[in-house]
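*Asks:* These protein sequence lines map, in sequence, to chains B and C.
The first sequence begins at 1 in this note's numbering and counts up one residue at a time.
The second sequence begins at 1 in this note's numbering and counts up one residue at a time.
Among the hints, a few may not be true.
Claimed, not checked - Computed Cβ-Cβ distance ranges for the label pairs, DEER-style:
id, chain 1, residue 1, chain 2, residue 2, range
1, B, Pro40, C, Asn299, 50 to 56 Å
2, B, Thr38, C, Ala536, 31 to 37 Å
3, B, Leu36, C, Gln342, 42 to 48 Å
To be verified - DSSO-like mimics (lysine-lysine), calculated; alpha carbons at most 30 Å apart, straight line:
id, chain 1, residue 1, chain 2, residue 2
4, C, Lys115, B, Lys41
5, C, Lys76, C, Lys115
6, C, Lys122, B, Lys41
7, B, Lys41, C, Lys339
8, C, Lys76, C, Lys122
9, C, Lys122, C, Lys375
Hints are computed from structural coordinates only; laboratory data are not their basis.
In this text, a Cβ means the ideal position worked out from N, Cα and C, and glycines have one as well.
So the chains spell out like this:
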Amino acid sequence: MRVLFFAQLKDATGCDSVELAPPAPWTGDQLWTELLRTFPKLAVHRSQARLARNWEYAPADALFSNADEVALIPPVSGG
Amino acid sequence: MKIEIQLVQEPIAGKVSLPVLDPAGAWLEFRGVVRDQEMGQKISALEYEAYPEMAEREIRRLLEGISSRHPCLAAKVVHRIGVIPAGEAAIYVGIAASHRGEAIALLAEFMDRLKQDVPIWKRRALPAAAANVSLRVSRSVQPTDSPRRLQKPLSLDEALAEIQARCPLLPAVRASLEESFGRVLRETICASGDFPDHDRSTRDGYAILQNDPSETFRLVDTLHAADWRPRELKAGEAVRIATGASLPCHNLRVVMQENVERVGDRIRVLHRESAMNVRRRGEEMRAGESILQPGTRLNAGTLALLASLGCTQLLVGPRLKVCHFTTGDEVIPSDQTPKPGQVRDSNSILIRSLLQSFAGDVVQRHLPEDFEAAKRMISILNPQPSTFDLVLVSGGASVGEKDFTRPLLESLGFEIVFSQVNVRPGRPLIFAQNGGHIAFGLPGNPLSHFVCFHLFVGNALTKLTGGRPPTFHHGTLAAMLEAEPNPRETLWPARCEEKGGKLELIPLPWNSSGDVTGLPSTTALIRVRANRGSFAAGAEVNFWPVNF
Numbered sequence: 001m002r003v004l005f006f007a008q009l010k011d012a013t014g015c016d017s018v019e020l021a022p023p024a025p026w027t028g029d030q031l032w033t034e035l036l037r038t039f040p041k042l043a044v045h046r047s048q049a050r051l052a053r054n055w056e057y058a059p060a061d062a063l064f065s066n067a068d069e070v071a072l073i074p075p076v077s078g079g
Numbered sequence: 001m002k003i004e005i006q007l008v009q010e011p012i013a014g015k016v017s018l019p020v021l022d023p024a025g026a027w028l029e030f031r032g033v034v035r036d037q038e039m040g041q042k043i044s045a046l047e048y049e050a051y052p053e054m055a056e057r058e059i060r061r062l063l064e065g066i067s068s069r070h071p072c073l074a075a076k077v078v079h080r081i082g083v084i085p086a087g088e089a090a091i092y093v094g095i096a097a098s099h100r101g102e103a104i105a106l107l108a109e110f111m112d113r114l115k116q117d118v119p120i121w122k123r124r125a126l127p128a129a130a131a132n133v134s135l136r137v138s139r140s141v142q143p144t145d146s147p148r149r150l151q152k153p154l155s156l157d158e159a160l161a162e163i164q165a166r167c168p169l170l171p172a173v174r175a176s177l178e179e180s181f182g183r184v185l186r187e188t189i190c191a192s193g194d195f196p197d198h199d200r201s202t203r204d205g206y207a208i209l210q211n212d213p214s215e216t217f218r219l220v221d222t223l224h225a226a227d228w229r230p231r232e233l234k235a236g237e238a239v240r241i242a243t244g245a246s247l248p249c250h251n252l253r254v255v256m257q258e259n260v261e262r263v264g265d266r267i268r269v270l271h272r273e274s275a276m277n278v279r280r281r282g283e284e285m286r287a288g289e290s291i292l293q294p295g296t297r298l299n300a301g302t303l304a305l306l307a308s309l310g311c312t313q314l315l316v317g318p319r320l321k322v323c324h325f326t327t328g329d330e331v332i333p334s335d336q337t338p339k340p341g342q343v344r345d346s347n348s349i350l351i352r353s354l355l356q357s358f359a360g361d362v363v364q365r366h367l368p369e370d371f372e373a374a375k376r377m378i379s380i381l382n383p384q385p386s387t388f389d390l391v392l393v394s395g396g397a398s399v400g401e402k403d404f405t406r407p408l409l410e411s412l413g414f415e416i417v418f419s420q421v422n423v424r425p426g427r428p429l430i431f432a433q434n435g436g437h438i439a440f441g442l443p444g445n446p447l448s449h450f451v452c453f454h455l456f457v458g459n460a461l462t463k464l465t466g467g468r469p470p471t472f473h474h475g476t477l478a479a480m481l482e483a484e485p486n487p488r489e490t491l492w493p494a495r496c497e498e499k500g501g502k503l504e505l506i507p508l509p510w511n512s513s514g515d516v517t518g519l520p521s522t523t524a525l526i527r528v529r530a531n532r533g534s535f536a537a538g539a540e541v542n543f544w545p546v547n548f
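The shape of chain B in the complex, shown without the other chains (with noise of 0.2 Å):
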C-alpha cells in the first residue's frame, strides 16, 4: 500500500509517500494508528485531514487493502 501525502502533510512527514504492508484490510482508525506511529506530527492535521483511496474520497467505512493507492488530503485551496 502507497501512502501519498501533500501540501502541509508533506512538510510534516517530510516525504511525500510512505509503503505500507497491512497484513490484512484496515479500518481508516487502524491506517491512522499505523501512520501516526511512524509520523507522530501527524496528530494535529488528523482532524482536518480526509483519506481518499484510488482517487476517490473514501467513505467512513471504508477498508484499505495492500493494493489500494491512498492519500492523506489536508484542506484544498485550489482555484
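Given the coordinates of chain B, work out where chain C should sit on it, guided by the hints.
*Replies:* Just chain C, lined up with the frame of chain B:
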C-alpha cells in the same frame, strides 16, 4: 454533458478552444487570476500543488453531479499547477449551455465545490522581491492553445513512445575498432570476400580426394596453418595438413591423424570418418553478402568479426556525454560509514556501470539539498550541464525530491515533458528536453534506478545513438509470481534462464523499491499489467531483458 479537464504547467492560453455546439445559446467563460496580494503582503507569484489523478476525477464528479440539476452542454476546465505569477490565470472554466441561467448556476456552484473538494493546494506565496528561476522559466514559455497535459501519469507504452519521439538521432562519426565498443553501428557491413577464403581443414590429419577408394597413399606435401600451395591431388596421393590450413584444391576430405598409420612417406587409412572435416570456401560468408545492419550495438564478438573482415574504420554513433547529479543530504559516499538516517550512495556506481555498456562518458557530482546552494554549485561547473547530451538527476530518497529535480532541470533550460509514469517501481520519473538535449529525473531508490535506467534511459540512449529500440520478449514462468493486484503496471524483477531453447523466468522476491539484494541476479523485468494479480507457474509472460 461533454467534459474536458486539463492540469497544466504552462500559462493558460488567452483564447481557449471550445467545442462547437449547435444548440449552445450561452457561452460562459471564467478565469480565476492570481492576485498580487496574499494575507496583506505584496507577492509576485503563488505556487500550486495537486494530486493530479484524483483532482481530475473530482472535477469530473462535481461537474456531472451539478449538471444533473443545471443541465449544460459542455464544460472545459483547465487548472494550472506550479509557480503562477501574479496577474496570470490559475483556473479557466468554459461552459456551454442552451440558456445563460443554467451556465451561470453551474459555474457558481462548481467553483464553490472546487474550493472544498478538489485536491489542489496553494502551497506558498513568493514575496514580490524574490522572482526566482522557475518564475522566469515559466514566463519564457509562450502560451499555446493546447497546453501540454503534464499531470496525468503516462502509461508505460505512452512514456516509451514519448521518449522515442522526442530524442533526436545524433550524427554518426568515424571511429576505429578500438574506440567502438558499446557504440551503435550506423552503416551496413558487407563481406569483402568469401569467408573462409579457401577450403580449410578443421583437423590435424591427411587430405585425400573425397572419393578415392585407395587404402594406402603417398605423401606429396606437408601444409602448416600459414601455408598456401595449391596443387591438384591425384588418386593415391595425400597431403599432411594442420588444423586451419588451406587445402591445396577442391573436393578433398581430411582423415584425422588418429585414424591413419604412417610409415615414412606412406600412409595407410585405417578408418574414414563420415565427416569431411573441411570448412568450405564461402561457407560462412559470400563476397558482397551483407553481414551487419545499421543499429547493431558493437559488442566484443561483433568487433572481432569486423576485425577479421578488415573493417577497421567504422561509421558509428557518437560517444555520449552524460552529466549525472546525485542529491539528498542523507546520501554519503560509499566508502564512509552511515550514521543513523544516512545511506551509502549506490546510484553513482550503478549509473556509471550501466552507461559503460552504451559508450557513455559520465561526469558525476553530488548536489546539496538546498536549491540555491545546488544552483551555485552547478553555475561554476565546466563544462556546463547544458552542453551534455544527457543530464541525469538521482533524487534523494527523502524530502522534496520532486520539487527539487523539476526546478533544477528548468533552471538548466529544460522543458518538462512528463513527470510521472504509471509503473512501479519508478513512478515519479521525470523526462525533460532542451532542444536536442535530454534529461531524466530518476527516483532515488536503487531498484527504481535500475528499472528506470533499463526501461527509459536505455530507450533514450538507443534512440540518440541510432540503435534498434529494445522491446518486450516472451518467456515462461518457472515459478508462481505472487503479486497483489495493483492499479499501477508493475515491472517485477526476475532471473531469465534458457532451458531447452525456451526462456524461463524465475521471479525474485521483492518487498520494496529500496531492495538492493535482488539487483545482482536481476536479468529480466516481468511485465504485470495494472490490476492483474498473480501468475501461475508455466504462464506465458512478457519481460524486458536487462542484461543488454
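*Asks:* Does each hint hold? Answer for all of them.
*Replies:* A quick look at each hint next to the structure:
no.	hint	in the structure
1	Pro40(B) / Asn299(C): 50 to 56 Å	holds, 54 Å
2	Thr38(B) / Ala536(C): 31 to 37 Å	holds, 35 Å
3	Leu36(B) / Gln342(C): 42 to 48 Å	violated, 25 Å
4	Lys115(C) / Lys41(B)	holds, 26 Å
5	Lys76(C) / Lys115(C)	holds, 17 Å
6	Lys122(C) / Lys41(B)	holds, 21 Å
7	Lys41(B) / Lys339(C)	holds, 23 Å
8	Lys76(C) / Lys122(C)	holds, 22 Å
9	Lys122(C) / Lys375(C)	holds, 25 Å
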